[in-house]
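> Starting from the known structure of chain Z, fit chains Y and L onto it as the hints suggest.
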Amino acid sequence: MRYLEEFRDPGLARRLLDEIHATVTRPWALMEVCGGQTHSIIRHGIDQLLPEQVELIHGPGCPVCVTPLEMIDKALAIAARPEVTFCSFGDMLRVPGTEGDLFRVKGAGGDVRVVYSPLDALEIARRSPDRQVVFFGIGFETTAPANAMTVHQARRLGIGNFSLLVSHVRVPPAIEAIMRSPRCRVQAFLAAGHVCSVMGVEEYPELAGRFGVPIVVTGFEPLDILEGVRRAVRQLERGEHRVENAYPRAVRAEGNPAALRMLAEVFEVTDRAWRGIGTIPGSGWRLADAYREYDAEHRFAVTGLRTLEPAACRSGEVLQGLLKPHECAAFGTVCTPRTPLGATMVSSEGACAAYYLYRRLGPGAAAATDKEATSVG
Amino acid sequence: MADFPAPLLPDPAEWSCPAPVRDRSVVLLGHGGGGALSAELMADIFAPAYGNEILDRLTDSATVDLGGARLAFSTDSHVVRPLFFPGGCIGDLAVNGTVNDLAMSGAQPAFLSCAFILEEGTELAVVERIAGAVGAAARAAGVSVVTGDTKVVDAGHGDGVFITSSGIGLVPRGVDIRPQRARPGDVVIVSGPVGLHGVAVLSVREGLEFGVEIASDTAPLGGLVAAMLAVTPELHVLRDPTRGGVATALHEIATASGTGVVIREDAVPVPEPVANACGFLGLDPLYVANEGRLLAFAPPEHTDALLDAMRAHPQGTGAVVIGECVAEHPGMVVARTGLGGTRVVDPPVGEQLPRIC
Amino acid sequence: MCLAVPGRVVDVEERDGTPMAKVDFGGVVKDVCLAYLPDLQVGDYTIVHVGFALQRLDEEAALATLELFRSIGALEEEFGDAWSRAAEEAR
Chain Z
1 MRYLEEFRDP
11 GLARRLLDEI
21 HATVTRPWAL
31 MEVCGGQTHS
41 IIRHGIDQLL
51 PEQVELIHGP
61 GCPVCVTPLE
71 MIDKALAIAA
81 RPEVTFCSFG
91 DMLRVPGTEG
101 DLFRVKGAGG
111 DVRVVYSPLD
121 ALEIARRSPD
131 RQVVFFGIGF
141 ETTAPANAMT
151 VHQARRLGIG
161 NFSLLVSHVR
171 VPPAIEAIMR
181 SPRCRVQAFL
191 AAGHVCSVMG
201 VEEYPELAGR
211 FGVPIVVTGF
221 EPLDILEGVR
231 RAVRQLERGE
241 HRVENAYPRA
251 VRAEGNPAAL
261 RMLAEVFEVT
271 DRAWRGIGTI
281 PGSGWRLADA
291 YREYDAEHRF
301 AVTGLRTLEP
311 AACRSGEVLQ
321 GLLKPHECAA
331 FGTVCTPRTP
341 LGATMVSSEG
351 ACAAYYLYRR
361 LGPGAAAATD
371 KEATSVG
Chain Y
1 MADFPAPLLP
11 DPAEWSCPAP
21 VRDRSVVLLG
31 HGGGGALSAE
41 LMADIFAPAY
51 GNEILDRLTD
61 SATVDLGGAR
71 LAFSTDSHVV
81 RPLFFPGGCI
91 GDLAVNGTVN
101 DLAMSGAQPA
111 FLSCAFILEE
121 GTELAVVERI
131 AGAVGAAARA
141 AGVSVVTGDT
151 KVVDAGHGDG
161 VFITSSGIGL
171 VPRGVDIRPQ
181 RARPGDVVIV
191 SGPVGLHGVA
201 VLSVREGLEF
211 GVEIASDTAP
221 LGGLVAAMLA
231 VTPELHVLRD
241 PTRGGVATAL
251 HEIATASGTG
261 VVIREDAVPV
271 PEPVANACGF
281 LGLDPLYVAN
291 EGRLLAFAPP
301 EHTDALLDAM
311 RAHPQGTGAV
321 VIGECVAEHP
331 GMVVARTGLG
341 GTRVVDPPVG
351 EQLPRIC
Chain L
1 MCLAVPGRVV
11 DVEERDGTPM
21 AKVDFGGVVK
31 DVCLAYLPDL
41 QVGDYTIVHV
51 GFALQRLDEE
61 AALATLELFR
71 SIGALEEEFG
81 DAWSRAAEEA
91 R
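Chains as they are written, first to last, in full-length UniProt numbering: chain Z, 1 to 377; chain Y, 1 to 357; chain L, 1 to 91.
Extracted from the complex, chain Z is given alone in its bound form (with noise of 0.2 Å):
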C-alpha cells in the first residue's frame, strides 16, 4: 500500500463514475470546498466525466484567493523594508495587492524567499540574527499547524527575530455563510479531507442539521473525489443529509488532538475578511496575546495602506458559487491568468484560472480530442 496510485486506478474510477451515472436523476449543484480538490478535479478531467446533471462548484477553498487584499497589501509594505526577509509559499508571490505583488516587490530589491515549510523561515532567521525574519502564514486549518509550531518553537528557542503575517482562515464559518447566503445554490459539500485531519469531523453534523445539506469528508486523489460525488448524490437523491467520511485512511472522528492543542495555545478566533467575499464571523485566527509578540503586524506597524479591490473583478461571487467565471464580464477579456485582476485568476486552484485553461476547448474540439487521442501511439 503506497496510498497514492492505488487511488487513480482508471478502472475502479470508471466503476464508481459507473455507479455516479447509474444514482443520479435530477440535477445536483455540489461545492467542493477545497481548491486542491478543484486542482484535483481540472488536472485529471474529472467534471468532464460525470454526469450533466451533477455540477461542482468551486469554492472558497484556495487560501491564496481568500487571503484579504489588505493583508496582501501589509505583505507588501513589511517585505519592502530594508530589514526584513520576508519568506511565503510559492503561492503567494503572484497574488495582486493594490500596487504590485511580492515577485515586484523582489524585482524592487526587497528580500522575498520562497520556503517550503515556515520551519525554513524559523531556520532562516536563526542563521541571520541581524534580519528580521516574517513568514505569510496563510493557510486553512491544515497549514494552521504548521504555523502555529514555528512560532511556539521561535518563543522556546528564543529566537526573537522572527515573526509570522497571520491570516489564517476556518472552513466551517465559511460553508455558513455560504448556506446563509440567499442567493445559495449548494446543495451538498465535499468537505476538504486534510483540513479534517486536524480539526476532525465534529464541527460538522451541526451544519449539515441545521442547513439540511450532505456533507462528505473527501481526499484528493481522482478515486477519492469521485467516491465523496458518489455519496454526496447518493444521499441528494435519498433526501438525506448526514455527514460521511469518505477518507477514512487520512481521517479521524477526533483529528489531531495534539495539533488542536497547539492551535488552541497559539491562536484565538478572530473575524476575518475573505478576499472577494467581506467578513465572516468568527473565521479566522489570529495569534493569541501570549504570542502577540511575535505578531509581524503588530511588530511592523503598517499604516497609510489603501486598498482597492478592482471593480470590475467578481471573484466574490464566483466563490460563493453565485457565478460562473465566464459570466464575468471581465473574464477572458482583461482579466486573464497573465493579467489577473482577482486571486481566483492567479491560483492554479482558483476557479477562473480553472476555467480560462478549460473552456477556451469548445465541445466540438473535445469530441475531436477524444477521438484523436484514443489513436494515440
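Bear in mind the hints are in silico, worked out from the structure with no lab data behind them. Each residue gets a CB set at the ideal place from its N, CA and C atoms; glycine is no exception. Accuracy of the hints is not assured; some may be wrong.
[What the hints assert, rightly or not] Derived CB-CB ranges, DEER-like:
no., chain 1, residue 1, chain 2, residue 2, range
1, Z, Arg14, Y, Glu209, 34 to 40 Å
2, Y, Ala43, Z, Asp271, 44 to 50 Å
3, Y, Asp65, Z, Glu5, 51 to 57 Å
4, Y, Glu272, Z, Arg127, 31 to 37 Å
5, Z, Arg127, Y, Asp65, 24 to 30 Å
6, Z, Pro129, Y, Val204, 22 to 28 Å
7, Z, Pro10, Y, Glu209, 28 to 34 Å
8, Y, Val204, Z, Ala264, 37 to 43 Å
9, Y, Glu40, Z, Arg81, 27 to 33 Å
10, Y, Ala155, L, Asp16, 32 to 38 Å
11, L, Val42, Y, Pro314, 36 to 42 Å
12, Z, Arg14, Y, Gly185, 58 to 64 Å
[Said to hold, decoys possible] With the Cβ distance kept under 7 Å, some of the chain L side facing chain Z (calculated, not the full set):
no., residue
13, Tyr45
14, Ile47
15, Phe52
16, Gln55
17, Ala62
Chains Y and L alone, transformed into the frame defined by chain Z:
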C-alpha cells in the same frame, strides 16, 4: 458594485482599476522563465528594436545562408544556482545548451564560443572545475570552443559564474526543421524520461534527498539528431524542452505552426522520483526543465524506423510516442488524462513555484 | 487548499527537543516534523503538509475503501446493468 460589470475599455493602460501584474516597470524573474513573460519581453521590446525576418521565426537557433553554406547559429546565456548539481554543472549546460539549440535545426554543431562573467571573490578552483567541464562536454559533443571572453563584476553583483555560449553548425542539404512545419497527422516523440534536470537542480535548492540517484540529463543531442536524419530528412520539428519543459515547448510549436497538439498523459515517461518530487512540491512534471531531451514532430509513416534509430542511440534509449498533431484546436496543447478526461496544457506565466495548495 | 502527500517514515530522531523524521515520498526523502504525531514509528505512513506530519495513514481503512470501490463493480455484475438497478432503487 458587483451587479454593475464595468464596461470593457479598449486600452488596458487607461483602465482606472489597479491591474497590478500588468505593471511591469521592472524586470521580474519570470521574464527569464521561458514562459509567457519571456515571450512578452521578446514581442514588446526586443523584436520591435531589432527584429528581422530571421529573428522573427523565434527558432532555438537561426538558420542563415552564408557563402553558399547553410549555417545554424545560436546563443544562450546560462545562470544556474547551484553551479554544481547532481549530474553536471553550469559548464555542461553551457556546451550542451548551445549544441542542442543548433541540433534542433538539424545542424551538426561545429564551433562554440564561451564567454564567462565572473564575480569577484569566486574561487579559482571553481572556475577551473567549470572550465574542465566545458572542455569535457565539448569533446563529448564533437565541437571545439574556438573563441571566448572573460569579464569580472564586483563582489555581490553576480552569482559566482555566468556563461554565455554561442555556436555554429552546418545544416545538411534537404533538411528544413522548424516549429512552423508541424502539421496535422505528425507523431510527437520524446527521446526519453522527462523532468530529471529540473528536479536534480531543485533537489539541491529545496534540500530534498533521493533514495535513488536523480541526476540532470544534460547531454549533447547532435549525434541523436544525425541518427534520426539518417532515417529520414523529412523531420518537421525538433525542440529541446529546456526551461518551461515539455508543456512550454509543445505550446510554442502549436502556436508557431497553427496546429493542435494532443498528448496522452500516461504515455509521457516521468521517472517515479521525478513524479513524486513534483507531487510533493506541487509542480507539474510537464513544465520541469530538461537539458538532454528532444521532442520530434515527424510524419507518421516514419514512426517505427525513427523510434528504432533513436533507441539504438545512447541519448534516445527511452524514446516513445507521446501524442500527435491535430487540425482541431489550433495553437493549443491538450492532454488526455489517465482517467480519460482532458485538460488544456497552457504555457506557464513565469517560473513554476512550489505551492501549498 | 492543502497539498499534503503520503510518505513512509524511514528514520526518527530528536532535534532541538523536537521529534523529527526522514520521510520517503516514493524515492524522495525529506525532513518532517513529528511534533503532532510523536508516536509514529519507522515504517508507518503519514500525510505530510508543509513539513509537518498531520495524520497517520490507516492501512486497514485504505484497504476497506478500495474493497468498497471494487464491490461497487461487483454489485453491478450481480444485479445486472446499472440503469435497471437505479430504477430499482428509485422505486
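> Hint by hint, say whether it matches the structure.
Okay, the hints, checked on the actual structure:
1. Z:Arg14 to Y:Glu209: 34 to 40 Å: holds (37 Å)
2. Y:Ala43 to Z:Asp271: 44 to 50 Å: holds (46 Å)
3. Y:Asp65 to Z:Glu5: 51 to 57 Å: Given about 52 Å between the Cβ atoms, the range holds.
4. Y:Glu272 to Z:Arg127: 31 to 37 Å: Holds, since Y:Glu272 and Z:Arg127 (Cβ atoms, about 33 Å apart) stay within the stated range.
5. Z:Arg127 to Y:Asp65: 24 to 30 Å: Distance hint for Z:Arg127, Y:Asp65 is violated at roughly 57 Å.
6. Z:Pro129 to Y:Val204: 22 to 28 Å: holds (25 Å)
7. Z:Pro10 to Y:Glu209: 28 to 34 Å: With Cβ atoms ~32 Å apart, the hint holds.
8. Y:Val204 to Z:Ala264: 37 to 43 Å: holds (39 Å)
9. Y:Glu40 to Z:Arg81: 27 to 33 Å: With a Cβ separation near 30 Å, Y:Glu40 and Z:Arg81 satisfy 27 to 33 Å, so the hint holds.
10. Y:Ala155 to L:Asp16: 32 to 38 Å: Because 34 Å falls inside the window, the suggested range holds.
11. L:Val42 to Y:Pro314: 36 to 42 Å: The hint (36 to 42 Å, Cβ to Cβ) holds, given that L:Val42 and Y:Pro314 are roughly 39 Å apart.
12. Z:Arg14 to Y:Gly185: 58 to 64 Å: violated (30 Å)
13. Tyr45: This interface hint holds because 6 Å falls under the 7 Å limit.
14. Ile47: Holds. Min distance 5 Å.
15. Phe52: holds (5 Å)
16. Gln55: With a minimum Cβ separation of about 4 Å from chain Z (threshold 7 Å), the hint on L:Gln55 holds.
17. Ala62: L:Ala62 check passes; min Cβ-Cβ to chain Z is 4 Å, inside 7 Å.
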